[in-house]
Amino acid sequence: MKEILVSIRNVARREVNRMSSRSLYILVMLVFPLLSILFFGSLFKDGLPTKMPIAIVDLDQTATSRKMARSIDVTPMSKVVEFLQSETEAMSELRAGNIYGFVVFPKNFEADILTSKQPIVGYYYHNAFLTAGGLIQSNLATVLRSLSGGINIKKREAMGQSKDYISSQVQPIQRNTHQLFNPTITYSVYLSTIVMPIMLQIFILLMTVYSIGIEIKEKTSREWLRLSNKSVVIALIGKLLPYTVSFFIVMMFQNFILYRVMQMPMHTNLGWLMLGSFMFVLAYQAVGILFIGVLPLMRHALNLAAFFSILALSLTGFSFPTDSMPPVIQYWSNLLPARHYMHIFQSQILTGFELKYSLPSYLYLLIFVLLPLIILSRLKSALIYQRFVEDIHSMNSSI
Amino acid sequence: MKNKSLNLFRQIAEGFRSMLRIWMRELHLIILDVGVISVVFAAPLLYPILYSTIYYKEVVREMPIAVVDLSHSSASRQFIRKLDATPELMVAKNSASMEEAILAFKNRQVRGIVQIPETFSADIALNRQTTISTYADMEFFMYYKALMAGTSYATLDAGNRIQINNLMKEGLTERQAQVTVEPMKLVDNVMANKAGGFANYGVPASLILIIQQTLILAIGIMAGTARERHAFGTLVPLDRKRLGTLRLVLGKTAAYFTIYALLCVYMLGMIPQWFGYGRAASLPELIALITPFLLSTIFFGLTLSVAFKNRESPMMLYAFTSIPILFLSGVIWPLSSFSPTWLFVREIFPSSNAIFGFVKMKSLGATIYETRKEIMALWIQTGVYFLTACTAYAYQVYFSERLRSELLSHPFREMRRIIAKRQA
Chain A
0 MKEILVSIRN VARREVNRMS SRSLYILVML VFPLLSILFF GSLFKDGLPT
50 KMPIAIVDLD QTATSRKMAR SIDVTPMSKV VEFLQSETEA MSELRAGNIY
100 GFVVFPKNFE ADILTSKQPI VGYYYHNAFL TAGGLIQSNL ATVLRSLSGG
150 INIKKREAMG QSKDYISSQV QPIQRNTHQL FNPTITYSVY LSTIVMPIML
200 QIFILLMTVY SIGIEIKEKT SREWLRLSNK SVVIALIGKL LPYTVSFFIV
250 MMFQNFILYR VMQMPMHTNL GWLMLGSFMF VLAYQAVGIL FIGVLPLMRH
300 ALNLAAFFSI LALSLTGFSF PTDSMPPVIQ YWSNLLPARH YMHIFQSQIL
350 TGFELKYSLP SYLYLLIFVL LPLIILSRLK SALIYQRFVE DIHSMNSSI
Chain B
0 MKNKSLNLFR QIAEGFRSML RIWMRELHLI ILDVGVISVV FAAPLLYPIL
50 YSTIYYKEVV REMPIAVVDL SHSSASRQFI RKLDATPELM VAKNSASMEE
100 AILAFKNRQV RGIVQIPETF SADIALNRQT TISTYADMEF FMYYKALMAG
150 TSYATLDAGN RIQINNLMKE GLTERQAQVT VEPMKLVDNV MANKAGGFAN
200 YGVPASLILI IQQTLILAIG IMAGTARERH AFGTLVPLDR KRLGTLRLVL
250 GKTAAYFTIY ALLCVYMLGM IPQWFGYGRA ASLPELIALI TPFLLSTIFF
300 GLTLSVAFKN RESPMMLYAF TSIPILFLSG VIWPLSSFSP TWLFVREIFP
350 SSNAIFGFVK MKSLGATIYE TRKEIMALWI QTGVYFLTAC TAYAYQVYFS
400 ERLRSELLSH PFREMRRIIA KRQA
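If you read the sequences in order, they're chains A and B. Per numbering that gives the first Met the number 0, residue 0 is the first one in the first sequence, and the count goes up by one each step. Per numbering that gives the first Met the number 0, residue 0 is the first one in the second sequence, and the count goes up by one each step.
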């Protein structure tokens, strides 16, 4: 037993030495992950986009239309940047991407309201920018509806209805919106909490594949295996241990930024958060071993790892729900540890549900950790025979 | 004098010939390299189809919700039918209590809850305002949006019905009542992507991103391979005579441009056509945008490629940068919410302006004039990265030439020995 521990320590020490020999290691383990945390943390810091540019086309130019334009301008989500003369002009600005939407007050708008002719007020928004377009749409609809409600009240007052009666009538059914288990409506809760782990899994996965693959490519794998008493299990544990520690620390730092600095809701205790993060790191290291075991030619394994990990952005389903994807894609999405981590985030960290709702996800992550067992013997022979080296010299005989 | 100009002409012709040679040689090398070919062709061919499959349904429809009806009246049942009839929502569960509904929510059977108060029908009958409560799933924004849209439609519609009925009881005609309730008619005009589809929004952006990323990757792999293959780890081979910087850069650029111009026909022409991602843009507009995009990306890639020492590092860079660069484009997160720092970083990558311009053109048919900001920015990038690529390659050529002359200073046998040693 003691012998095993000594071997692991020796392999780990050898790995730390290798790490310091190339700048790539420090870049992938520390610099890039920290940059990604900085990038996504600061990009979404507002929570919701505010002051998005829109335009007003006021063909009426009366006190009523101008007052309404002002009411639209003061909403926090949009900002009127232009007053334009015609709808054509506004369409051109919309096409140019200078504004995300606009409102048109027609000619005779005020007069038509006074004479009960029900003028048409059109609002336009650019839905190719789905986030901005959707927010502008709901914002404009809400403001215009309440302005319309204001006129409704005035008309009823003119009819001689009592104040109490009017307030019960203009909106007979009110809607009270509650957010289940999450008090804030901010995009950053959806985006940063998921995008940051998705970025981290790319680093973990590629780093794992690289650190093993480079031994095969540079034919140092026999020396590595010798140091670990010819046991591939010891070799892998010793080699990957420094990365486990380092990525776990990075992930906990990321959690600190998310839940302490950015104040994301967290309804679980530190222990569970640490366990989830630890299993996330282990699961991706395990997938990395699996990939290099299946494709011991490093470049192929890296291609596979890049393909697999970038797709997590779509397949975890945080932007477009997995339930609405075709069944084949739904099965595929279960093959991503990130998806199960997201489940843990949603059923436990964010909402504080009872453990039984997130337990299956922990079990899934555990299965990922055990996956390398099926590939160990193939990996070992790849390490010993070093057959998987690309022959690029045969292609061309340049010096 | 005559002799001199003839000389210059001969030199240009010679330069042009060797550019053509480099162009063909690079094309030859690309085609022979299975690793590069799979990156250049497999990714652009497969990704668009894969993404279109993932987002096949485009929008969330008939999202299951639970209704807690405490009123048990005909008015409340009518309201529930209205909710169920909206395209966004489907009443999957009639729960007796809030606890029951929350349990269904935790089990992910429903994605939202609507509670109708006990006093619902009495409130309406007695002309009191009544309040329904909605509980939204805040984990997925699409689910939140669907619940908001569906309940908002149902409450407005039912509310207007009540208002009109009451006003008619007071003696107004139906038309008069309608105008009182809705003094102005609000018309919702959705421009581009009418259904609010997700593929329509995400795929065009990722098409441009894939072009940029695979292009940089391919150039990087070729450069890394060249270094691994050349005995002295140089980017520019030593055994070629007179490899001028300009012809090297232009020759390589021509090779990548030919391949990617053809790929663009498939990715930006055929894929959007097949899957119906907007067809507003016409060919001249697309050419005006894509030409500077490809050129700036190739020069950018050539500049970066100098740094790659082996075949693997370009792939790692590709994996690490793709997602942040997609967010930098301004299609997902509006540019008005970017800080000045990130707006500056955004200008580093040709994809940012190309994605924005392409989405504008494809979705609403923005003209060249309306896309001038992006096209101008791409030409500026082309100019800047052309200079950086030339500088980077000039250094590599200089480096190779120095090594070459250093080698040539040895006697022939000695030189053979050194080369053989390095090649082993």
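The hints are simulated quantities; they were obtained by calculation from the structure and are not laboratory data. The structure presented is a predicted model; accordingly, all values stated were derived computationally and were not measured. You may find that some hints are simply not true.
Computed list of lysine to aspartate or glutamate pairs in DMTMM-like fashion (alpha-carbon distance at most 20 Å, straight line) [to be verified]:
| hint | chain 1 | residue 1 | chain 2 | residue 2 |
| --- | --- | --- | --- | --- |
| 1 | A | 379 | A | 353 |
| 2 | B | 105 | A | 2 |
| 3 | B | 92 | A | 322 |
| 4 | B | 144 | A | 322 |
| 5 | B | 144 | B | 122 |
| 6 | B | 372 | A | 217 |
| 7 | A | 66 | B | 169 |
| 8 | A | 116 | A | 57 |
| 9 | B | 420 | A | 217 |
| 10 | A | 154 | B | 181 |
| 11 | B | 184 | A | 86 |
| 12 | A | 355 | B | 169 |
| 13 | B | 372 | A | 111 |
| 14 | B | 184 | A | 353 |
| 15 | A | 154 | B | 32 |
| 16 | A | 153 | B | 169 |
| 17 | B | 168 | B | 187 |
| 18 | B | 184 | A | 57 |
| 19 | B | 168 | A | 109 |
| 20 | B | 105 | A | 322 |
| 21 | A | 162 | B | 413 |
| 22 | A | 153 | B | 32 |
| 23 | B | 308 | B | 98 |
| 24 | B | 372 | A | 353 |
| 25 | A | 106 | B | 181 |
| 26 | A | 379 | A | 156 |
| 27 | B | 184 | A | 109 |
Per the computed footprint, the stretches of chain B lying under chain A, defined by three or more beta-carbons under 8 Å from a beta-carbon of chain A, are [to be verified]:
| hint | segment |
| --- | --- |
| 28 | 55-67 |
| 29 | 256-266 |
| 30 | 287-296 |
| 31 | 346-359 |
| 32 | 381-391 |
Ranges of calculated distance between the beta carbons of each label pair, as one might list FRET restraints [as the list claims (entries may be wrong)]:
| hint | chain 1 | residue 1 | chain 2 | residue 2 | range |
| --- | --- | --- | --- | --- | --- |
| 33 | A | 162 | B | 170 | 16 to 22 Å |
| 34 | B | 386 | A | 22 | 50 to 56 Å |
| 35 | B | 98 | A | 377 | 51 to 57 Å |
| 36 | A | 329 | B | 41 | 48 to 54 Å |
All C-beta atoms in this analysis are idealised placements derived from N, C-alpha and C, irrespective of residue type, glycine included.
Against the structure, the hints:
Proposed proximity of residue 379 of chain A and residue 353 of chain A is contradicted: the alpha carbons are some 42 Å apart, above 20 Å. At roughly 49 Å between alpha-carbon atoms, residue 105 of chain B and residue 2 of chain A are farther apart than 20 Å, so this suggested pair is violated. At roughly 18 Å between alpha-carbon atoms, residue 92 of chain B and residue 322 of chain A fall within 20 Å of each other, so this suggested pair holds. In summary, the hint linking residue 144 of chain B to residue 322 of chain A is supported, as the alpha carbons are separated by about 16 Å, within the 20 Å threshold.
For the given pair, residue 144 of chain B sits about 28 Å from residue 122 of chain B by alpha-carbon distance, which is inconsistent with the 20 Å threshold. Of the pairs offered as hints, the one joining residue 372 of chain B and residue 217 of chain A is violated, with about 48 Å between alpha carbons and a cut-off of 20 Å exceeded. In summary, the hint linking residue 66 of chain A to residue 169 of chain B is not supported, as the alpha carbons are separated by about 31 Å, beyond the 20 Å threshold. Our distance criterion of 20 Å between C-alpha atoms is met by residue 116 of chain A and residue 57 of chain A, whose separation comes to about 18 Å.
For the hint pairing residue 420 of chain B with residue 217 of chain A, the CA-to-CA distance comes to about 18 Å; that is within 20 Å, so the pair holds. A threshold of 20 Å between alpha carbons decides the hint, and for residue 154 of chain A with residue 181 of chain B the separation of about 11 Å falls inside it, so the pair holds. The suggested pairing of residue 184 of chain B with residue 86 of chain A holds, with an alpha-carbon distance near 18 Å, which does not exceed 20 Å. Restraint check: the Cα-Cα separation between residue 355 of chain A and residue 169 of chain B comes to about 57 Å, which exceeds 20 Å; the hinted pair is violated.
The suggested pairing of residue 372 of chain B with residue 111 of chain A is violated, with an alpha-carbon distance near 41 Å, which exceeds 20 Å. For the hint pairing residue 184 of chain B with residue 353 of chain A, the CA-to-CA distance comes to about 48 Å; that exceeds 20 Å, so the pair is violated. Annotation: proposed proximity of residue 154 of chain A to residue 32 of chain B is violated, straight-line Cα distance about 77 Å (limit 20 Å). Between the alpha carbons of residue 153 of chain A and residue 169 of chain B the distance comes to roughly 17 Å, so the proposed pair stays at or under 20 Å and holds.
Of the supplied pair hints, the one linking residue 168 of chain B and residue 187 of chain B is violated, its CA atoms being roughly 31 Å apart against a limit of 20 Å. Under the criterion of a C-alpha separation no larger than 20 Å, the hint pairing residue 184 of chain B with residue 57 of chain A is consistent with the structure, at around 16 Å. Distance check on the hinted pair: residue 168 of chain B and residue 109 of chain A sit about 28 Å apart at the alpha-carbon level, beyond 20 Å; violated. Between residue 105 of chain B and residue 322 of chain A, the direct Cα distance comes to roughly 15 Å. Compliance with the 20 Å bound is thereby established for this hinted pair.
As the CA atoms of residue 162 of chain A and residue 413 of chain B are separated by approximately 105 Å, the hinted pair breaks the 20 Å bound. Between residue 153 of chain A and residue 32 of chain B the CA atoms are separated by roughly 76 Å; this puts the pair beyond 20 Å, and the hint is violated. About 61 Å separates the Cα atoms of residue 308 of chain B and residue 98 of chain B, which puts this hinted pair outside 20 Å; it is violated. For the suggested pair residue 372 of chain B and residue 353 of chain A, the alpha carbons sit about 53 Å apart, so the restraint of at most 20 Å is broken.
With a C-alpha separation of about 18 Å, the suggested pairing of residue 106 of chain A with residue 181 of chain B holds against the 20 Å cut-off. In summary, the hint linking residue 379 of chain A to residue 156 of chain A is not supported, as the alpha carbons are separated by about 86 Å, beyond the 20 Å threshold. Restraint check for residue 184 of chain B and residue 109 of chain A: satisfied, since their Cα atoms lie roughly 13 Å apart, inside the 20 Å limit. With 5 residues carrying a beta carbon less than 8 Å from a beta carbon of chain A, the segment 55-67 of chain B meets the three-residue requirement, and the given coverage holds.
With a threshold of 8 Å between beta carbons, the proposed coverage of the segment 256-266 of chain B by chain A is violated, since 0 of its residues qualify and at least three are required. Here the segment 287-296 of chain B counts 0 residues with a CB under 8 Å from a CB of chain A, which misses the bar of 3, and the coverage is violated. Counting residues of the segment 346-359 of chain B whose C-beta lies closer than 8 Å to any C-beta of chain A gives 3; at least three are required, and the coverage claim holds. Counting residues of the segment 381-391 of chain B whose beta-carbon sits less than 8 Å from any beta-carbon of chain A gives 0, not enough to reach three: the coverage restraint is violated.
As the Cβ distance of residue 162 of chain A to residue 170 of chain B is approximately 21 Å, the hint placing it in 16 to 22 Å holds. Between residue 386 of chain B and residue 22 of chain A the CB atoms are about 27 Å apart, so this pair departs from the stated range of 50 to 56 Å. In this structure, residue 98 of chain B and residue 377 of chain A meet the distance hint of 51 to 57 Å, their C-beta atoms being roughly 52 Å apart. A beta carbon spacing of about 24 Å between residue 329 of chain A and residue 41 of chain B contradicts the range 48 to 54 Å that was offered as a hint.
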